[in-house]
Every structure is written in C-alpha cells, then in structure tokens.
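Here are the chains, one letter per residue:
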Amino acid sequence: MSWTAAQQRPGGAATAPPILEMRGIAKRFGATQALDDVSLTLRAGEIHALLGENGAGKSTLIKIMTGVYQPDRGEILLSGQPIAIGSAAEAQRHGIAAIYQEPLLFPDLNVAENIFVSHQNRGVVTNWRKMFREAEAILATLGVTLDVRSPARGLTLAAQQSVEIAKAISLNVRVLIMDEPTASLSAHEVGQLFRLVRDLRDQGVAILFVSHRMEEVFQIADSVTVFRDGRLISTRPAAEVSPQSAIADMVGREMGLFQRRAPAPKGEKLLSVQGLGRTGVFSDVSFDLHRGEVLGFAGLIGAGRTDIGLALFGIEPATAGQIVLNGKTETIRSPRQAMSLGVAYVSEDRRQLGLSLPMSISANISLPVLSRYLTRLGLIRTSQERDTAEGFRKRLSIRTPNVELPVAKLSGGNQQKVMLSKWLNTHPALLILDEPTRGIDVGAKAEVHAMIGELAAEGIGIILISSDLPEVLAMSDRVLVMREGRQMAILDGGAATSQTVMTAAMGQEFAA
Amino acid sequence: MNIRARLLRWETLLLAMLVVIAGLNIAYSPFYLGVGNIVNLFQLSIEKIIVALIMTLIIICGEIDLSVASVMGLASCVTAWLFQMGWPMPWALVAALAVGGVAGLINGFWTAYVGLPSLAVTLAGLIGYRGVARILVEDRAIGGYPLWFNNLGQQPQFGPLTISIVIFLAMFAIMAVVLHRSALGRLVYVMGNNLQAARYSGVRVRRVKLLLFVASSMIAALAGLLYAARLGSVRGDMAQGFELDVITMVLLGGVSIFGGSGNLLGVGLSILVILNLRNGMGLADITGNTQTSVIGALLILSVLVPNMARMIHTRWKGRET
Numbered sequence: 000m001s002w003t004a005a006q007q008r009p010g011g012a013a014t015a016p017p018i019l020e021m022r023g024i025a026k027r028f029g030a031t032q033a034l035d036d037v038s039l040t041l042r043a044g045e046i047h048a049l050l051g052e053n054g055a056g057k058s059t060l061i062k063i064m065t066g067v068y069q070p071d072r073g074e075i076l077l078s079g080q081p082i083a084i085g086s087a088a089e090a091q092r093h094g095i096a097a098i099y100q101e102p103l104l105f106p107d108l109n110v111a112e113n114i115f116v117s118h119q120n121r122g123v124v125t126n127w128r129k130m131f132r133e134a135e136a137i138l139a140t141l142g143v144t145l146d147v148r149s150p151a152r153g154l155t156l157a158a159q160q161s162v163e164i165a166k167a168i169s170l171n172v173r174v175l176i177m178d179e180p181t182a183s184l185s186a187h188e189v190g191q192l193f194r195l196v197r198d199l200r201d202q203g204v205a206i207l208f209v210s211h212r213m214e215e216v217f218q219i220a221d222s223v224t225v226f227r228d229g230r231l232i233s234t235r236p237a238a239e240v241s242p243q244s245a246i247a248d249m250v251g252r253e254m255g256l257f258q259r260r261a262p263a264p265k266g267e268k269l270l271s272v273q274g275l276g277r278t279g280v281f282s283d284v285s286f287d288l289h290r291g292e293v294l295g296f297a298g299l300i301g302a303g304r305t306d307i308g309l310a311l312f313g314i315e316p317a318t319a320g321q322i323v324l325n326g327k328t329e330t331i332r333s334p335r336q337a338m339s340l341g342v343a344y345v346s347e348d349r350r351q352l353g354l355s356l357p358m359s360i361s362a363n364i365s366l367p368v369l370s371r372y373l374t375r376l377g378l379i380r381t382s383q384e385r386d387t388a389e390g391f392r393k394r395l396s397i398r399t400p401n402v403e404l405p406v407a408k409l410s411g412g413n414q415q416k417v418m419l420s421k422w423l424n425t426h427p428a429l430l431i432l433d434e435p436t437r438g439i440d441v442g443a444k445a446e447v448h449a450m451i452g453e454l455a456a457e458g459i460g461i462i463l464i465s466s467d468l469p470e471v472l473a474m475s476d477r478v479l480v481m482r483e484g485r486q487m488a489i490l491d492g493g494a495a496t497s498q499t500v501m502t503a504a505m506g507q508e509f510a511a
Numbered sequence: 000m001n002i003r004a005r006l007l008r009w010e011t012l013l014l015a016m017l018v019v020i021a022g023l024n025i026a027y028s029p030f031y032l033g034v035g036n037i038v039n040l041f042q043l044s045i046e047k048i049i050v051a052l053i054m055t056l057i058i059i060c061g062e063i064d065l066s067v068a069s070v071m072g073l074a075s076c077v078t079a080w081l082f083q084m085g086w087p088m089p090w091a092l093v094a095a096l097a098v099g100g101v102a103g104l105i106n107g108f109w110t111a112y113v114g115l116p117s118l119a120v121t122l123a124g125l126i127g128y129r130g131v132a133r134i135l136v137e138d139r140a141i142g143g144y145p146l147w148f149n150n151l152g153q154q155p156q157f158g159p160l161t162i163s164i165v166i167f168l169a170m171f172a173i174m175a176v177v178l179h180r181s182a183l184g185r186l187v188y189v190m191g192n193n194l195q196a197a198r199y200s201g202v203r204v205r206r207v208k209l210l211l212f213v214a215s216s217m218i219a220a221l222a223g224l225l226y227a228a229r230l231g232s233v234r235g236d237m238a239q240g241f242e243l244d245v246i247t248m249v250l251l252g253g254v255s256i257f258g259g260s261g262n263l264l265g266v267g268l269s270i271l272v273i274l275n276l277r278n279g280m281g282l283a284d285i286t287g288n289t290q291t292s293v294i295g296a297l298l299i300l301s302v303l304v305p306n307m308a309r310m311i312h313t314r315w316k317g318r319e320t
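Protein sequences appear in the order of chains B and Z. The first sequence begins at 0 in numbering that gives the first Met the number 0 and counts up one residue at a time. The second sequence begins at 0 in numbering that gives the first Met the number 0 and counts up one residue at a time.
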C-alpha cells in the first residue's frame, strides 16, 4: 500500500496542485436546474467543505463526481487531464471514492472482504492469509484496531466508517467525498473520524466534506464552498468565513417569491402536544395549534419533521409525551384511529405512500372513507364516487379529461391535487401536509398555496412540513424548527426569517 | 396503452384460444358437444376451479396460498377420521370446515400480523397440514360413507348438474360481485397495487388479509369434501399437487403474480381454456403427461407474452424519444 505523501501543510492548501477540477458543470432534471454552471476545484491536501440547503445541488454534484449521473454540460479534469466518469467503477479507477452517512458494507462479509470487495482479484482460491495481512496493514496505517476476520455486522457505525475509509485507501484514493459522515456518530466517534480525515489530508488526499453541522465544518475545513439553488455562491478559505456569513450565503435569496399569506384570525385551540417523542427518532416536541392556523415545520432533511407527522397520524406511534386533541388526551395508535379523530396526513411520497397509481382518480379520492360510498349490501356506489371526484376536480381545478382516468396518467401537480382531495374528503380538523409542493410546477404550486390559505380560513388547523424555506415562511403563522430530532425553536410570523430559521436548523446559538 | 386495454386484449386472446380449441374438439370428436361430456369436463376438475376463484382474490391482493391442496386433503381426512370414530357424517363435515377455518387463521396470522411472506407461511402450511392429514388416516383408504354423501359428489342433483357445479357457478357470480363491485374487492386491488399507500389511507390491511386467508382455507376445505364425495373414499395424499393447477389457472387468466391486476372474467376464460384443452386431448387419446406439458407451455406463454410485449413496447417508446 503506498501513495505519494506529504504535500506540506498547513497554509499550503491554496497553492497545492488541483487534483479534481469541475468546470462549468450543469445538470437538469425535468423542470429543475439542479446544477447551473458550477466550477469547483479540489486540491491535494485540502479539506473542502460544501454547504447548502436541501436541494441546493450538493448531492447532484457528488453523484456526478462518482459517476452516478452524467453532466449535461461542463468538463471534469483529473490532474489537468479531461476525464469522463461514466460509472461508479470508473470513478473508482480514477481514485475517486465516496463515504456516506450510512456505511454501505456487506454485513455478512468480514472486514477484510469488505475492504477489498470491489477490486480484489481473488482468483479461483482466495488467499485469505494475504488478504487478512493486507487489510491489517491498511487499518494499521489508519491507527485503527479491528479484527479483520470478524463480519461487518455488529461493528459500531464509527468502525464501519473506518472500514469504508480503509476501502478507499486500498483503492489508492486521491479524492475522498464524505457526505454527512458524522450524522449518526457520537461526539467521541466524530473526533476519531476527524483524526483519520486529517491524516488522509496530510498524505495528499483531496477531501470534499459535506455536513449540516456548522461547528464541525469550521473545526475541520480548510476552505468552504456554499451552494444555493444549484449555483455556486462562494468559495473562500475557512478562516475568512463565519457561520453567520455562510448561512447568509445559503439563504440569501430574494424573498417575496411567494405572496405571504394574510394571517387569519386564530380560532380555539385544536391540538396541544407536550414532550412528544419516539425512541431514537425525535424527542421532547411541544407545541400548540389553533383552528385556522398554519404551523410550519422547518428543518433539514432527516431532522424528524416527517416523523412527528407520522406519530400524529398513528403510522409510527409516539412512545413518549401527550397529544391533546379538542381538549381530550388521545393515544393515537393507527391511521384509522387518527382519521376518526379528524387527523389527515398528506404524505411527501405520493407515488409510494400517497396514491394507488393504476387506479382511477375517483377510486383514490374515496379510498379513506370508502364506507361512505356503500350500499347496505356493501357494494360501491360508483356514481356517488364520481360525483365527489367531480366536485374536487372543479374545486381544485384538477386538469383531467375525466375522473375515471388512472392517476398515473396525471402530471405531478395534478396528482398532488388528487391526494389533497382524497384527504379533504375525510373532512379533517387537523391537516398535516408533508412537502405538498415538492416536484410540481410553479403554477400548481401557487394553486396549492392558495388552497392552504382557503382551508385555514375555513378553520382547519394545518401543519405544513416543507423543505422549501420561502414556502414555509410565506404560508405559516408560526414556524417550528427541528434539528436532528430535537425542537430548536418556535418562531412567530414576524421573527421567522430565512436567516433565523436557518440559523436554528443548523444548530447555531439563537441570539434573538 | 392503458392497463385496461392490455387486459382486454389478454381476454380477447383467451377467447380466441377457447374458440380454436372448441372448434378442434368439435371437428375431431363426435362426443364433445354432448351434455354428458360438457358436465363431465367440469366435473373432473370441479374442486380445483372452485379453489381458483378465491385464489384469484389472494393473488390480486399480492399474496399467495400454496397450502390449499393440503387443506383439501386435511379436511377430507378429518371427516374420514371422525366418521370412523363414530361421529355422524354431518357433524364430521362441519368439523372439517372448522378445521379449514383454523388453518386459514394460522396462515393469516403469520402473514398479516407477524408480517412473514405468504409464500413461506403457506409453504409451511402445505407441508404441515398434509402431515396432519397423513397422520390421521395413515396408509389406508377410508370409505363406506352414507349413500347420500357419495351421491352428493356423483349424482346430478339439479337437472344434469351436480351440486359441485352449482356451487361453482354460484361462487363465480358471488366472487365477481365481491371483486368488482364491493368494498372488499376495491381494497384487494388497492392492497395489491400498493400496500403502503393502502396503510397510509387508513385501510385495515391486516384484517383484510386475514379474512382472505380464512376464506381461502374454508373454501379449500369445502372443495376437499366435495372431492371426497366424488371419489367415495379418502386417502392421505388426496388432492396432492392441486395447488399448482389452481395457480396455473389464475395466472393464465391474466392475473399478475405481483398483485394488483387481473379480473375474474379472465380467470373464467382461462378455466374454460384449460378444461377444454384437457378434455380435447383426452378425447384424442393424448396421455396425461403430454397434457400436463402442454398446459405448462401455456402457462409459460401467459407469463412471457405480456412481459415481452411490455418490454418491446417500452424499448420502442425509448427509441422514439
């Protein structure tokens, strides 16, 4: 195992030779420009942090670097030579490796096999002794003691991360991409991981470090790049960046993209949640919701916002805390029970969890309350189903030739409206909307926003979970900010700005 | 092309096959069109086609029940055993149906409430229920039932029709209404399409699954008793291997093995195709083994043709864009 080591450091980073250069990279998915003319240079012996909100384009860039996606435009240079990265295997051959939040090990293979899994020519008979020896040698250079003969199953997450790093080293890694590697590690394990990362840097590896934890970024990064809406906003040495300036770069978009909803008069208290939690997922969430109020749930992906929704809807019942609905303490154990209490949950994943795609619009809309459409013999009154669907088609202007069409035939925005119809048809008192405008076009988005306003005005209490920060700010009376399963703040309409929400979501001290 | 159009095309294909087979049968055999032969054609497979009706619902729901033939065997063996012990025949029959219900509860509990795949659960049932059946009657053939019981299976009761055929026709009508008009049928399709979406819509998916498995086993038990009445004696290996014929009928009928699509009309046609094919080959003195091979080939075609058509269709579309 060898690699030419020791670019001098520190301070040498900026002048060190570039290893990987991305020039003018663009990538488009349907209507979304995921990356727009992005140029990023990774240098030998440098830890380069990449920051950005959900959907800023970080993952897309990583997938282009690792050969999962092909860019629409732009070029990639490795040590000054233009290269194409057509597949994950090609990325590996170029010495580009990636490590993710959840290590992707084979649980039943032993540590050594996992290290060499993609590139060991085993021949007919595996030379186990040689393989174990080499695996031990690599782990030794990392200063990690692990039994290379034991299966990966049962290793701690931190140990699994070191196996991933050993795997990268065995591939003669020159560029190491770390995508939120610390998200599931304890503080102590993070310390160990960072020691490994610094060692690799000192050996001349270029490291791209993606994390939502500000303090870690500033602890380890040599330079910081911020993405927003698919564009590169800034690249600066870490010493010149403060958490505040980084957050400002991340959110600094034009406000007023959406019309701010006129606050409606608050009704009586509908829902009161005290110390709600589910073991290992989220804890100690407390808030009130009044009739006619829109409470936004902001936070990064994986912060636990959806899990609160699932607990209130009984899909994954809470294990701690209290839910008071309409003044009565309730233990919600199933979706059926939640529905009978007037709770409706519009899922973020309309294809997998929300709709039955091959079935008709009217069958999808009647499904949760099918019993309403039955004759005494238990047969379905299809004409009544159609009438309901026609009503919603007019009310939400669902664009379809008829309501007998399979939902799969509709555009994303119209599918979203069918899902909304399906739950409005249950006449909910509490409506939980999870990412209601994800992946739909601007026009449909505006219609959904108008609908949210109308529903609130009718006195429905709405929880709006959204990763679209301007949307949350425009629609919500108050904003609850989550971070890593904990409730960081509840901001009133006036106090909620992209700056304050993002600051809380990134776990910074909240001054105001 | 939407799914309904594709299914209609599949049923058209089955109908065309049926016409061709019937035409050949008429041309080759003067006996084919006789009432006796037509009744006989149904009567020889009547137990399987009764079970195929409920199997249609199970497979559309995205599950499978491999234990049906063993439950048929178990039900008839329970009856034989109790009858030998001196129980009156009617009580022995009721007990056998109840045993069928218990078998269904076991299948349904492990599948719906524990969450194991029905393939594994009912495979265990296939082995386990057959084992119990063999223990009960050992290596004997138990016969000597009251005459009325044997007549039930062997003598026409309604004009030229036996009670089994009447039960089949009635169940076909009931299942068609349940599957295509009732709330239960709607839920069966929804669950087969997307079980998670059903759960997220507040459908009590576990209860529906349990109900289906209990219905499947009880109908299988009934079919087993009809089989015992027809044969007039019961052995431990009764109906062994029938599950494969039953599943063949359902899949050839255009029901997707992945669940969510298919209908009872297709299964009805596929039953007619298979029965007429076997009958015609029988009249033409083709051996049983060859008959089985032909039906096997038919099944492979039924799975291959729609998938190939879809593949070619998507390739073609991909080329255009």
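Do not take every clue at face value.
Restraint ranges, calculated between C-beta atoms of paired labels, are given here [unchecked claim]:
1) Lys-408/B <-> Ile-311/Z: 19 to 27 Å
2) Arg-132/B <-> Asn-288/Z: 25 to 33 Å
3) Met-88/Z <-> Phe-105/B: 39 to 47 Å
4) Ala-407/B <-> Phe-157/Z: 53 to 61 Å
Some, not all, of what chain Z presents toward chain B, calculated at C-beta under 7 Å [what the hints assert, rightly or not]:
5) Ser-181
6) Asn-193
7) Arg-229
8) Ala-283
No wet-lab data here; the hints were simulated from the structure. Since this is a predicted model, take the numbers as computed values, not measurements. Where is the CB? At the ideal position from N, CA and C, for every residue including glycine.
Structure-based check of each hint:
1. Range check, Lys-408/B to Ile-311/Z: about 21 Å between beta-carbon atoms, so the 19 to 27 Å window is met.
2. The hinted window of 25 to 33 Å between Arg-132/B and Asn-288/Z is violated, with their beta carbons roughly 59 Å apart.
3. Evaluation of the 39 to 47 Å hint for Met-88/Z and Phe-105/B yields a failure: the beta carbon distance comes to about 60 Å.
4. In this structure the hint that Ala-407/B and Phe-157/Z lie 53 to 61 Å apart at CB is violated, the actual value being about 46 Å.
5. At a threshold of 7 Å, the smallest CB-CB gap from Ser-181/Z to chain B is about 5 Å, leaving the interface hint in force.
6. Restraint check, Asn-193/Z versus chain B: the minimum CB separation of about 5 Å is within 7 Å; hint holds.
7. Below 7 Å, beta-carbon pairs count as interface contacts, and Arg-229/Z has none with chain B, the closest being about 33 Å; its hint is therefore violated.
8. The criterion of a C-beta within 7 Å of any C-beta in chain B is not met by Ala-283/Z, whose closest approach is roughly 41 Å, and the hint is violated.
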